[in-house]
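A.B. asks: Given next are the chains, with one letter for each unit.
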Amino acid sequence: MYGGGFIPDDIDKKVPVDQEDPVRLEEFQARIDAGEKIEPHDWMPHEYRRQLIRLIEQHAHSEIIGALPEGTWITRAPGFRRKLSLLAKVQDEVGHAQLLYNAAETLGKPREAMINDLLSGKSKYSNVFNYPAKTWADTAVIAWLIDAAAIVNQTTNAKGSYGPYCRALDRICQEESFHLFYGYESVVTLATGTEQQRAMVQEALTRWWKPIMHFHGPPDTSSVHGNQLERWKVKMASNDAMRQTFLNMYVPKIWELGLTVPDPDLKKNEETGQWEFGDPDWDEFWEVIKGNGPCNHERLQVRRKAEEDGRWVREALMARSGKQVLPLS
Amino acid sequence: MATIKSLDPRVARAELPTEPTEVVLNPEEQWETYEVFHQKKSGARHIHQGTVHAPSSELAYTFAKEQYGRRDQTYSIWVVKTSQVFTVENDNSLYKTVPEKQYRNAGFYKVRDKIEKFKRQMNEH
Chain A
1 MYGGGFIPDD IDKKVPVDQE DPVRLEEFQA RIDAGEKIEP HDWMPHEYRR QLIRLIEQHA
61 HSEIIGALPE GTWITRAPGF RRKLSLLAKV QDEVGHAQLL YNAAETLGKP REAMINDLLS
121 GKSKYSNVFN YPAKTWADTA VIAWLIDAAA IVNQTTNAKG SYGPYCRALD RICQEESFHL
181 FYGYESVVTL ATGTEQQRAM VQEALTRWWK PIMHFHGPPD TSSVHGNQLE RWKVKMASND
241 AMRQTFLNMY VPKIWELGLT VPDPDLKKNE ETGQWEFGDP DWDEFWEVIK GNGPCNHERL
301 QVRRKAEEDG RWVREALMAR SGKQVLPLS
Chain B
330 MATIKSLDPR VARAELPTEP TEVVLNPEEQ WETYEVFHQK KSGARHIHQG TVHAPSSELA
390 YTFAKEQYGR RDQTYSIWVV KTSQVFTVEN DNSLYKTVPE KQYRNAGFYK VRDKIEKFKR
450 QMNEH
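Which chain is which? The protein sequence lines are A and B, in order.
Letter by letter, the first sequence follows residues 1 to 329 of the numbering used here.
Letter by letter, the second sequence follows residues 330 to 454 of the numbering used here.
In case anyone wonders, no lab produced these hints; they're calculated from the structure.
Even glycine gets a Cβ: it sits at the ideal position worked out from N, Cα and C.
Hints may be right or wrong, so weigh each one.
Said to hold, decoys possible - For lysine-lysine, the following DSBU-like pairs were computed, each having C-alpha atoms within a straight-line distance of at most 30 Å:
1) Lys334/B with Lys37/A
2) Lys210/A with Lys410/B
3) Lys334/B with Lys305/A
As the list claims (entries may be wrong) - Between beta-carbon pairs, the in silico distance windows are:
4) Asp442/B with Trp43/A: 39 to 49 Å
5) Ala34/A with Asp442/B: 15 to 25 Å
6) Lys369/B with Arg81/A: 40 to 50 Å
7) Asp420/B with Ala316/A: 35 to 45 Å
8) Glu36/A with Phe415/B: 21 to 31 Å
9) Val23/A with Thr416/B: 20 to 30 Å
10) Val23/A with Lys439/B: 41 to 51 Å
11) Glu418/B with Ala34/A: 34 to 44 Å
12) Ile333/B with Gly310/A: 41 to 51 Å
As the list claims (entries may be wrong) - Going by beta-carbon spacing under 7 Å, a handful of chain A positions derived as facing chain B:
13) Ile115
14) Asp279
15) Glu307
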């Protein structure tokens with residue numbers, strides 16, 4: 001058949017895994033265990049499809065909303081070179097959203113429906129973007145550490161089972177490596193600069209530490225989606241494991257710059273090899289998810305305005321297809 | 330936590346409504362998709378990269394340049410409507426593994442053993 005002719009099962013319908021055809025389910029699991037990738041037109045359990053849509057869609061929303069706290073600094077970037085870099089980074093984030101919406105669309109949910117769920121608040125995005133970028137140093141900390149945390153997550157998920165998502169993530173990780181180095185350079189510039197610059201980056205890091213610790217999600221005991229997603233290679237590592245990987249890679253780099261994080265309990269237990277840390281205020285995490293963060297309202301209103309303001313352009317472009325064609329002879 | 334006044338001067342100037350407003354996109358408001366093929370350099374093959382949403386081939390081409398050609402070397406780009414791509418799903422006549430088709434490969438044709446044997450026989454005579 002031609003592309004686009006595929007009509008999936010009702011994507012909102014919840015079908016518990018134990019109601020799936022056991023033979024197909026077993027074949028499906030065997031393919032995943034053998035390292036095969038699942039492609040859009042392959043048979044898949046309802047729950048696999050539903051959870052993937054949820055995951056990829058929220059990832060896409062995070063890229064779109066994630067462009068806002070940094071985008072706000074493009075007009076005020078210190079110098080032309082940094083403005084160019086920040087513009088490129090923010091453009092990448094929006095491009096990543098499109099790659100991810102495309103991957104989610106292959107599972108049967110149209111892009112318009114996903115955007116509507118973002119605008120109505122039904123569908124979530126990464127919590128960290130409900131916090132403001134107060135100074136230029138905040139953008140540096142975001143570009144370095146939020147992107148670093150995201151890369152840990154994305155490189156892990158790029159080894160998952162769903163082909164289109166893996167391909168999108170491969171490209172995203174490749175592009176984000178520039179974000180990470182750009183962010184690191186920005187932080188290092190401030191941290192090795194004047195007293196004022198050092199103070200500025202320290203304050204930004206202190207502000208962002210809680211959201212950074214929240215980035216990979218709540219401790220695994222309280223996560224709603226568990227083992228099934230790991231067996232299906234939808235989720236490739238636990239929240240805690242990804243947080244540990246992140247801390248292992250970046251806390252030494254933070255300390256090397258003589259910066260501190262606002263957690264006196266943070267230390268590596270040399271016996272277990274695990275990082276130990278104080279409670280990063282999970283109550284606040286849940287409050288912000290519920291919509292009560294400092295910027296939740298602003299982020300969504302900005303998106304709603306953008307969709308509304310862009311509508312006449314989309315309509316004008318659409319009308320073009322009705323143009324008159326002159327007879328050939 | 331309290332909602333803060335926007336720190337973005339442009340957002341502050343826009344005076345966004347304090348209550349959530351309802352904005353709903355219509356079905357297909359963001360058009361259909363095009364498949365994008367990217368050729369890195371002269372002489373290279375075009376490789377499928379992904380898709381873009383666009384209202385026409387011309388705009389699909391413009392968006393494809395932004396989305397898939399903004400960073401690395403790009404020699405040319407093709408776009409084609411997804412709905413124009415013909416494929417057959419789960420076609421069992423495709424070979425997923427090909428041990429039975431080895432006769433189509435050069436490595437299937439082995440002569441050295443025969444030649445060595447032939448030479449040994451010749452020497453014996």
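A.B. asks: A separate judgement is required for each hint: does it hold in the structure or not?
C.D. replies: Evaluated hints:
no.: 1; hint: Lys334/B with Lys37/A; in the structure: violated (46 Å)
no.: 2; hint: Lys210/A with Lys410/B; in the structure: violated (45 Å)
no.: 3; hint: Lys334/B with Lys305/A; in the structure: holds (17 Å)
no.: 4; hint: Asp442/B with Trp43/A: 39 to 49 Å; in the structure: holds (46 Å)
no.: 5; hint: Ala34/A with Asp442/B: 15 to 25 Å; in the structure: violated (35 Å)
no.: 6; hint: Lys369/B with Arg81/A: 40 to 50 Å; in the structure: violated (27 Å)
no.: 7; hint: Asp420/B with Ala316/A: 35 to 45 Å; in the structure: holds (42 Å)
no.: 8; hint: Glu36/A with Phe415/B: 21 to 31 Å; in the structure: holds (24 Å)
no.: 9; hint: Val23/A with Thr416/B: 20 to 30 Å; in the structure: holds (26 Å)
no.: 10; hint: Val23/A with Lys439/B: 41 to 51 Å; in the structure: holds (42 Å)
no.: 11; hint: Glu418/B with Ala34/A: 34 to 44 Å; in the structure: violated (21 Å)
no.: 12; hint: Ile333/B with Gly310/A: 41 to 51 Å; in the structure: violated (26 Å)
no.: 13; hint: Ile115; in the structure: holds (6 Å)
no.: 14; hint: Asp279; in the structure: violated (17 Å)
no.: 15; hint: Glu307; in the structure: holds (5 Å)
Hints 1, 2, 5, 6, 11, 12 and 14 from the earlier list are contradicted by this structure; the remaining hints agree with it.
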